[in-house]
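There are 6 protein chains.
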Amino acid sequence: MAALGPIEYQDASPEVRAVYDDIMATRKTGSINNFWKALAHDPVTLRRTWQSIKEIMAEGTLDRVTKEMIYLAVSITNQCNYCIASHTAAARKAGMSNAMFAELMAVVGMANETNSLASGYQVEVDEQFKV
Amino acid sequence: MAALGPIEYQDASPEVRAVYDDIMATRKTGSINNFWKALAHDPVTLRRTWQSIKEIMAEGTLDRVTKEMIYLAVSITNQCNYCIASHTAAARKAGMSNAMFAELMAVVGMANETNSLASGYQVEVDEQFKV
Amino acid sequence: MAALGPIEYQDASPEVRAVYDDIMATRKTGSINNFWKALAHDPVTLRRTWQSIKEIMAEGTLDRVTKEMIYLAVSITNQCNYCIASHTAAARKAGMSNAMFAELMAVVGMANETNSLASGYQVEVDEQFKV
Amino acid sequence: MAALGPIEYQDASPEVRAVYDDIMATRKTGSINNFWKALAHDPVTLRRTWQSIKEIMAEGTLDRVTKEMIYLAVSITNQCNYCIASHTAAARKAGMSNAMFAELMAVVGMANETNSLASGYQVEVDEQFKV
Amino acid sequence: MAALGPIEYQDASPEVRAVYDDIMATRKTGSINNFWKALAHDPVTLRRTWQSIKEIMAEGTLDRVTKEMIYLAVSITNQCNYCIASHTAAARKAGMSNAMFAELMAVVGMANETNSLASGYQVEVDEQFKV
Amino acid sequence: MAALGPIEYQDASPEVRAVYDDIMATRKTGSINNFWKALAHDPVTLRRTWQSIKEIMAEGTLDRVTKEMIYLAVSITNQCNYCIASHTAAARKAGMSNAMFAELMAVVGMANETNSLASGYQVEVDEQFKV
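Chains as they are written, first to last, in this note's numbering: chain V, 1 to 131; chain U, 1 to 131; chain F, 1 to 131; chain Z, 1 to 131; chain W, 1 to 131; chain L, 1 to 131.
Here chain V stands alone, though its shape is the one from the complex:
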């Protein structure tokens, strides 16, 4: 077997349980996603990743649903199947409607298309966009 299996709450160390507890409290849910159960094999990475995500994805100048849609746009571009599934769900929970998802997808598709057109045509950066 190549991969490490998920670590369930009852089998977790106190250090890992503390992170699981904070995830469930912050997200107002009684379950832990497989992503965290996998990272639990490395409690240091589990803690750091959760702390970073908690800080970054909190309501800020950008609201929760906008942040989740940006997260999803990146995951789609990277073809990360797990991330697409979990962040589509997260974006919906944060308020993304079917209409918003449809517009997000149209923009993501167009951006991926024009990214390749710009590189293939070797377009020079316009003077006014230069750093």
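A few of these clues could be false.
Since the list gives no way to pick out one identical chain from another, each pair is judged satisfied if it fits inside one copy or across any two copies.
[As the list claims (entries may be wrong)] The calculated lysine-lysine pairs, modelled on DSS-like cross-linking and capped at a C-alpha distance of 25 Å, are:
#: 1; residue 1: Lys93; residue 2: Lys28
#: 2; residue 1: Lys130; residue 2: Lys93
#: 3; residue 1: Lys130; residue 2: Lys28
No lab work stands behind these hints, which were simulated from the structure alone.
Dock chains U, F, Z, W and L against chain V, hints included.
Frame of chain V; chains U, F, Z, W and L shown alone:
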């Protein structure tokens, strides 16, 4: 020389000029970006790409700045330098503040990190996320 | 059916069998991975790819486990599921412990994050790093 | 300085010169591209890469220009600026006209767009396409 | 459930049915792929994407099989599993033989390898390739 | 101008200076790379990213040079020019010789090649590698 140079307005065919005119009218600007001047070597692709972008990037359920930020998130993930430069400018024009940009970047960075963590740990899609 | 199925040893041509034999002898194993059984549809590519991998992955200035971890880092970044599964197994066989895997993953995640931060902030290459 | 500079013919070892000579003879040219002059820092990789490319890019069932266009499509998708510049030139030398380039670019753009649409909509593989 | 299910013909709106009908007529087939059934959740994107693909993938200066092979090369590089499965089938239908597929794969593999060699060795673009 | 310029030490807030000081002390250097000077526009991201990198890149089960080579392998695969330049320098500083770099590059190139071969041939994950 490997690439095709930009086609300026004065050298453009009537078909290309019509697209240039629509771009400048829609965007309320007097200049054309190098991207369009490169695509002008293929008037069919120029027209189709502009029509698609015009339709997709118009105010909809998502507002203009949200769409531009999603566009930028994709371009950053793809490491498309031209697109990053031009869509950072477009997002700013549509209202992206420094604070919004900073939050966008934090989300894009985190998404790229966790995309690789999810794939490397070979995380199974949770039952509740399955299609 | 879109893909070509695996070619088993008993069904393989002498040319393909010779490569299979060398793989099993070099790797001290009695089985052939699906990757090689798929490439066997093109004996020229099978031979060339195996010869290249055999040459490249041999103990050198870098030891076997370091090479396998680098291979894995690339495969994770590319979201290649087959390669992640097979090279995680190969890295473990070459001596990668759970602790080494955890550190590898932390570095891969951080690199993917900062790669997008560097591009999104359009960071200029420092003078001292210039070619 | 982070990168290794190019190794010119007059400074090259006999082993490297032998590869340079074969490149110039095969390609009917009197100059060596910077790509090979960089790889020359590792004569083993230089030789193996050149042998592989010579074998793969030779006229076969697919003609030279088709192969160069496929090479270019990959390079554009990967946003590899050096490769885009050099393989656009190589494809033109092999016979790619402006009209062929325009059609190539339209296909590459569309493929990159629909790749992200397929992943974002989490489309299931149709039964008839299953391996 | 994270993703939207496929919309079958009998459940589709007249607008969507019109696109389905045109797809089946153009492709001379009685069935619709899951890709279109997913896009049908956004009839505007369905129509625009189909119109673009119909225009781009039609016989032109490049023939149908060359275009499908370029499409496949991009999809492989992006690791888009759905697209690889469906466009391998499409390329075969357009005339790609096993020998052509084998040569395509060799070129795609080599391009991905040298793309990373060129970036890792930080190769400068040759003067004669400069825009 | 699309991007934010670098924030120099003398223009930095006390919060940013504290991070700069820690970077210079940890790395035993008197200068700050452009990457950090760009992130300084968002002191929260600057601090979090530096803390994470400091923790992750410290000598652990894997030594410093191995970690830097893994970082470089990811950056090359992502075609992130800034990251390639800066982490090649960092890897050299940590002890990467020309011979180690050459072997690293050979592995990175081969991994990128076989990643695309595995996806293009639609290779099924071997039973023994399944999670």
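To see whether the hints hold, each was checked on the structure:
For the identical chains of this complex, lysine 93 and lysine 28 are intra-copy neighbours only, at 12 Å inside a copy versus 37 Å across copies, given an alpha-carbon limit of 25 Å. For the identical chains of this complex, lysine 130 and lysine 93 are inter-copy neighbours only, at 15 Å across copies versus 39 Å inside a copy, given an alpha-carbon limit of 25 Å. Proximity of lysine 130 and lysine 28 under a CA criterion of 25 Å is satisfied inter-copy only: 21 Å between copies versus 45 Å inside one chain copy.
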